[in-house]
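Protein chains: 2
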Amino acid sequence: MKSYNVAIVGASGAVGQELIRVLSLRNFPVKKLTLLASKRSAGKTIDSEFGSLTIEEFSEDSFTGKDFVFFATSGEHSKKYAPLAAEAGAVVIDNSSAFRLDDNVPLVVPEVNPEAAKNHNGIIANPNCSTIQMVVALNPIHRFSKIKRVVVSTYQAVSGAGQDAVRELNEQLRAVLAGESAAVENFTKQIAFNVIPHIDVFQENGYTKEEMKMVNETWKIMGDANIRIAANCVRVPVIRAHSEAINIETEEFVGVEKARELLASSEGINVVDQREDGGYPTPVEVSETMETNVGRIREDISCENGLAFWVVADQLWKGAALNAVQIAELLINNE
Amino acid sequence: MKSYNVAIVGASGAVGQELIRVLSLRNFPVKKLTLLASKRSAGKTIDSEFGSLTIEEFSEDSFTGKDFVFFATSGEHSKKYAPLAAEAGAVVIDNSSAFRLDDNVPLVVPEVNPEAAKNHNGIIANPNCSTIQMVVALNPIHRFSKIKRVVVSTYQAVSGAGQDAVRELNEQLRAVLAGESAAVENFTKQIAFNVIPHIDVFQENGYTKEEMKMVNETWKIMGDANIRIAANCVRVPVIRAHSEAINIETEEFVGVEKARELLASSEGINVVDQREDGGYPTPVEVSETMETNVGRIREDISCENGLAFWVVADQLWKGAALNAVQIAELLINNE
Chain A
1 MKSYNVAIVG ASGAVGQELI RVLSLRNFPV KKLTLLASKR SAGKTIDSEF GSLTIEEFSE
61 DSFTGKDFVF FATSGEHSKK YAPLAAEAGA VVIDNSSAFR LDDNVPLVVP EVNPEAAKNH
121 NGIIANPNCS TIQMVVALNP IHRFSKIKRV VVSTYQAVSG AGQDAVRELN EQLRAVLAGE
181 SAAVENFTKQ IAFNVIPHID VFQENGYTKE EMKMVNETWK IMGDANIRIA ANCVRVPVIR
241 AHSEAINIET EEFVGVEKAR ELLASSEGIN VVDQREDGGY PTPVEVSETM ETNVGRIRED
301 ISCENGLAFW VVADQLWKGA ALNAVQIAEL LINNE
Chain B
1 MKSYNVAIVG ASGAVGQELI RVLSLRNFPV KKLTLLASKR SAGKTIDSEF GSLTIEEFSE
61 DSFTGKDFVF FATSGEHSKK YAPLAAEAGA VVIDNSSAFR LDDNVPLVVP EVNPEAAKNH
121 NGIIANPNCS TIQMVVALNP IHRFSKIKRV VVSTYQAVSG AGQDAVRELN EQLRAVLAGE
181 SAAVENFTKQ IAFNVIPHID VFQENGYTKE EMKMVNETWK IMGDANIRIA ANCVRVPVIR
241 AHSEAINIET EEFVGVEKAR ELLASSEGIN VVDQREDGGY PTPVEVSETM ETNVGRIRED
301 ISCENGLAFW VVADQLWKGA ALNAVQIAEL LINNE
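If you're matching them up, the sequences are chains A and B in order.
Mapped onto full-length UniProt numbering, the consecutive letters of the first sequence carry residue numbers 1 to 335.
Mapped onto full-length UniProt numbering, the consecutive letters of the second sequence carry residue numbers 1 to 335.
Take these hints with a grain of salt, some might be off.
Which copy is meant is left open, because identical chains are indistinguishable; a pair holds if it fits in one copy or across any two.
Below are the DSBU-like pairs computed for lysine-lysine, each with C-alpha atoms no more than 35 Å apart in a straight line [claimed, not checked]:
{"hint": "1", "residue 1": "Lys-258", "residue 2": "Lys-146"}
{"hint": "2", "residue 1": "Lys-148", "residue 2": "Lys-31"}
{"hint": "3", "residue 1": "Lys-148", "residue 2": "Lys-44"}
{"hint": "4", "residue 1": "Lys-39", "residue 2": "Lys-189"}
Quick caveat, the hints were computed from the structure, so don't treat them as lab data.
Predicted model, so just to flag it, every value in this text is computed and none were measured.
Isolated chain A (complex conformation) (with noise of 0.2 Å):
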């Protein structure tokens, strides 16, 4: 079988870091991992499936003999970076917002476009992670009856604002219990036994930049700008995995059963649905798993044709390390 150089930008975050273990667990062909980051974590060696890789400064020159090149650094580092990859030769899989809505670069969610993945310019861009499990979520029943309205709120994991985040939480939880005042850093405000409507800038239409992506890369990733989408995003104070309240209108009537036949039918989908207590998935244990999971599956009462469900993925692997990977997955398979 074929083997492949792949380097990974940004392999100190906490995408980086997943992205080491998605390749392993998918046994993606891996023939040398390259890890690249900045100085300050340059020289430092992690211990991976891949053998004890030491992290190495980052240059215009590390793309060189590269296959696949993973970006999971800021929008302004892949803006500038990631086209000297592709020019290098490698296919650049970015977990950015930088190259998302441009023409084109292909936005791909392979349950979803793996199409799309097929007619890229050395770049393929990998959706916002809130995006990507609620795009799985709606394809199967949008090829049945299409999608007119989706009004979606979510419940978002502090691990996606980084691993700072997450050592803020808890840090913050140990002062609280102790009965300290709680430091805030990466967040707003403190968000250990708090949520936060705020996720990302906020835009002219007073709608954040998070809640906005959930729109366009809808849009672009579903090939369909008819849908109507309103998100409301908010972080909560869960380490892992994000979870969606998501209520459609369908031009058609779909129905609960029918829904749940086309969700459990679909690839990536885990219906975890009894009316019954526990008979739902949460954070806790889907986190470090792969599926997109769907329950509370009911018809929206407050409208024709409507459905109401509860969307449940690990973000940092559905919505980010995970997904890139079965981008490459799909190119490699197309060869």
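Position chain B relative to chain A; hints supplied.
Quick look at chain B alone, frame taken from chain A:
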């Protein structure tokens, strides 16, 4: 000024304790405060603003000579004993769900339907916590342009499930932070570092009872069963204060500026709505405050004539004890 003999049934519980505090903070004209509870709690002494009070064991004779009796007990208990208190000449304000949908019992939120409190037969029902803060926010807009549809997703604090639930969250957090496993008792799953899309029992239609309360109670309080409502009720690891992401459709266009103006000029509402870091309410700072806080006001971009906003209130105060005391205030001000 006239003063009143007041009793609290269920004085040792979460809402009972808050009733004592709120009666004091509101300077309710209390002649004598009697604390009642089951045998288990009887004999305990509570230091309150009304002096050192000993909890008495509840009996059928406890109501003699009482002007107001606040019930903060289970629905079954209220169902059995509230009518006896009313027969004994007291006005009962019942925090349980026992009488809320009874046609002979008013269901009152003073900012919304104060006139309903006048026509009682000895019992007035205090609505569900999630419903109260929602209708306070919906009402000013509904009076301006009828609301046709509401989609609401909640972020509900654990104290809504009682004091044991608060202890459980804290114990689970301590355990998990120490690398130990968390014992689950009051919820169906671990609540520390988790969110649970299930409050109260499942109904035939797949909604939980809490979700259907938000439909049926809203219809009764607002006097309009044409409003179509779908709720997603979710428990979050917050100690106190419920949050709600609400999307509405109105008959006519309202717009953000008008909505903000209507809300800001309404009694009991605090608009916190700057489109910048921290410019929105969150549970931590809303805990132990009396108002219903509204922020994140923006157009719902998924429909015509739509608005989206974020509502936070202390569910033990505005969602329970405070609303109950405000109902009693309505009655004494009407005398």
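Hint by hint, here is what the structure shows:
1. Taking identical chains as interchangeable, the C-alpha atoms of Lys-258 and Lys-146 lie at most 35 Å apart whether they share a chain (14 Å) or sit on different chains (34 Å).
2. Neither within a single protomer nor between protomers do Lys-148 and Lys-31 lie at most 35 Å apart by alpha-carbon distance, with minima of 46 Å and 60 Å respectively.
3. Within a single copy, Lys-148 and Lys-44 get their C-alpha atoms no closer than 50 Å, and across copies no closer than 59 Å, so neither meets the 35 Å cut-off.
4. In the homo-oligomer, the alpha carbons of Lys-39 and Lys-189 lie at most 35 Å apart inside one protomer (31 Å), although the nearest pairing across protomers, at 43 Å, exceeds that limit.
Checked against the numbered hints listed earlier, the structure breaks hints 2, 3; every other hint is satisfied.
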